[in-house]
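Chains as they are written, first to last, in the working numbering: chain A, 24 to 138; chain B, 8 to 120.
Hints should not be assumed to be uniformly reliable.
Claimed, not checked - Partial chain A-side listing against chain B, Cβ under 7 Å, derived:
1) P30
2) G39
3) Y50
4) A52
5) T130
What the hints assert, rightly or not - Residues of chain A placed beyond 12 Å of chain B at every Cβ, according to the derived structure:
6) L79
7) S96
8) E111
9) P138
Don't read these hints as lab results, they were simulated from the structure.
Predicted, not measured: the structure shown is a model, and the values here were computed from it.
All C-beta atoms, glycine included, are put in the ideal place defined by N, C-alpha and C.
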Amino acid sequence: AQSVTQPDIHITVSEGASLELRCNYSYGATPYLFWYVQSPGQGLQLLLKYFSGDTLVQGIKGFEAEFKRSQSSFNLRKPSVHWSDAAEYFCAVGARGTGGNQFYFGTGTSLTVIP
Amino acid sequence: DGGITQSPKYLFRKEGQNVTLSCEQNLNHDAMYWYRQDPGQGLRLIYYSQIVNDFQKGDIAEGYSVSREKKESFPLTVTSAQKNPTAFYLCASRMVGGTGELFFGEGSRLTVL
């Protein structure tokens, strides 16, 4: 069965420090992979996505993620965190093909940034 | 600007009442989705639709109903049969095929009094 695991429920980092949010997935083939960010009481905004090609993908707001097939991982990174990055982050897997009806979301990682 | 509009932003309901949440998109997307979000549980799929006049149940469809009479609209009705309806509801859409990412609305928070 398809699933997405975000092992860290909550992470606290200092402003200016580096950040890595973990994501592991279970899927029968190479999926589409996404990272979304959600501010309190708001919808989800796409940070970045992986479909094929270069396994290191760049996104908005200075984020990047690396797809590692051997580890079934798609970890999100940022070299220097800003206070405005405090939010909830969701990793998601999407089914390939014309069907592609469903996405599978992790339970999210809440990020706190301290001055 | 293209996007997804959900209304109302906040909604209060008495037990036993049905309520309908609106979702409209002007992105010309084929597929539309409704998710429920509860703290610590991520997003759970309620219903989705890939084409007008057709929709499928997701993982937690009991107590909910939808319609897809127009491509741009996908309203969700929370019925009195839903035992725990207080939650944050998110509507999303995507183009079938292509890169296929989901685009989300701003959400509707339903509180049952």
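Tested hints:
1. P30: Violated - the Cβ of P30(A) stays beyond 7 Å from chain B, reaching only about 13 Å at its closest.
2. G39: violated (29 Å)
3. Y50: With a minimum Cβ separation of about 15 Å from chain B (threshold 7 Å), the hint on Y50(A) is violated.
4. A52: The hint is violated - A52(A) has no Cβ within 7 Å of chain B, the shortest such distance being about 15 Å.
5. T130: holds (4 Å)
6. L79: Given that every Cβ of chain B is farther than 12 Å from that of L79(A), nearest at about 18 Å, it holds.
7. S96: Its Cβ never comes within 12 Å of chain B, the nearest being 18 Å, so this holds.
8. E111: For E111(A), whose nearest Cβ neighbour in chain B is about 10 Å away, the distance does not exceed 12 Å, so it is violated.
9. P138: holds (26 Å)
Of the numbered hints given earlier, the model fails hints 1, 2, 3, 4 and 8; all others are met.
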